Amino acid sequence: MKIISTLLLSAIALTAQTKQEKVVAATILAEARGEGKAGMYAVACVIQQRVVKREMTAEKVCLQKSQFSCNNNGAQYDLLKLPEADYALFLAKNLANLDLTFVGNATHYHTKGVSPNWSKGKTPTKEIRNHKFFKL
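The sequence shown begins at 1 in the working numbering and counts up one residue at a time.
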């Protein structure tokens, strides 16, 4: 019985996430879960680039008003039950180690179906599936 309890506690410890990691992972999932691993990685890079540029925590970047439309009412933790969540949580845990040049140090992105004012006249640094990335 002790071995089973130890194994169970080890599994729980491995899956335990900080609030910040959950917020970041939920943001990645909400913004890019249908964009494949490259698209999710790219959104994670934008989050980290904003962390660096704005000198804020990743959690604050993700929950900042009008930055990620998916989080206007707080992080959507139910997304952490999706199959893609493991990868999103991996990205969230390793945010500081991502290669930000993957998206040309982009700080912003939008889907190809829209054209927000901030992107008018700007050239994307990268396009991945349904997203265009910009360094502003």
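Keep in mind that the hints were calculated from the coordinates and are not lab data.
Be aware that a few hints might be false.
Label-pair ranges, simulated between beta-carbon atoms [said to hold, decoys possible]:
#, residue 1, residue 2, range
1, Gln17, Asn117, 33 to 39 angstroms
2, Asn94, Glu55, 31 to 37 angstroms
3, Lys93, Thr123, 16 to 22 angstroms
Derived DSS-like pairs (lysine-lysine); straight-line CA-CA distance at most 30 angstroms [claimed, not checked]:
#, residue 1, residue 2
4, Lys112, Lys37
5, Lys122, Lys19
6, Lys122, Lys81
7, Lys37, Lys19
8, Lys120, Lys135
9, Lys126, Lys53
10, Lys60, Lys93
11, Lys112, Lys81
12, Lys19, Lys120
13, Lys112, Lys126
14, Lys112, Lys122
15, Lys81, Lys120
Given the structure is predicted, the values throughout are model-derived calculations rather than measurements.
From the three backbone atoms N, C-alpha and C, an ideal C-beta is built for every residue, glycine too.
Taking the hints in turn, this is what the structure says about them:
Distance hint for Gln17 and Asn117: a CB-CB separation of about 36 angstroms, consistent with the stated range 33 to 39 angstroms. The supplied range of 31 to 37 angstroms is broken by Asn94 and Glu55, whose beta-carbon atoms lie about 20 angstroms from each other. Hint check: Lys93 to Thr123, Cβ distance near 32 angstroms, so the stated range 16 to 22 angstroms is violated. Only pairs whose Cα atoms come within 30 angstroms are accepted, and Lys112 paired with Lys37 is accepted, the gap being roughly 18 angstroms.
Proposed proximity of Lys122 and Lys19 is contradicted: the alpha carbons are some 35 angstroms apart, above 30 angstroms. As the CA atoms of Lys122 and Lys81 are separated by approximately 36 angstroms, the hinted pair breaks the 30 angstroms bound. For the hint pairing Lys37 with Lys19, the CA-to-CA distance comes to about 22 angstroms; that is within 30 angstroms, so the pair holds. For the suggested pair Lys120 and Lys135, the alpha carbons sit about 13 angstroms apart, so the restraint of at most 30 angstroms is met.
Simply put, Lys126 and Lys53 have alpha-carbon atoms about 19 angstroms apart, close enough for the 30 angstroms limit, and the pair holds. Only pairs whose Cα atoms come within 30 angstroms are accepted, and Lys60 paired with Lys93 is accepted, the gap being roughly 15 angstroms. For the suggested pair Lys112 and Lys81, the alpha carbons sit about 27 angstroms apart, so the restraint of at most 30 angstroms is met. As the CA atoms of Lys19 and Lys120 are separated by approximately 35 angstroms, the hinted pair breaks the 30 angstroms bound.
Proximity of Lys112 to Lys126 is assessed by CA-CA distance (about 12 angstroms); at most 30 angstroms being required, the pair is judged to hold. Restraint check: the Cα-Cα separation between Lys112 and Lys122 comes to about 14 angstroms, which is no more than 30 angstroms; the hinted pair holds. Restraint check: the Cα-Cα separation between Lys81 and Lys120 comes to about 36 angstroms, which exceeds 30 angstroms; the hinted pair is violated.
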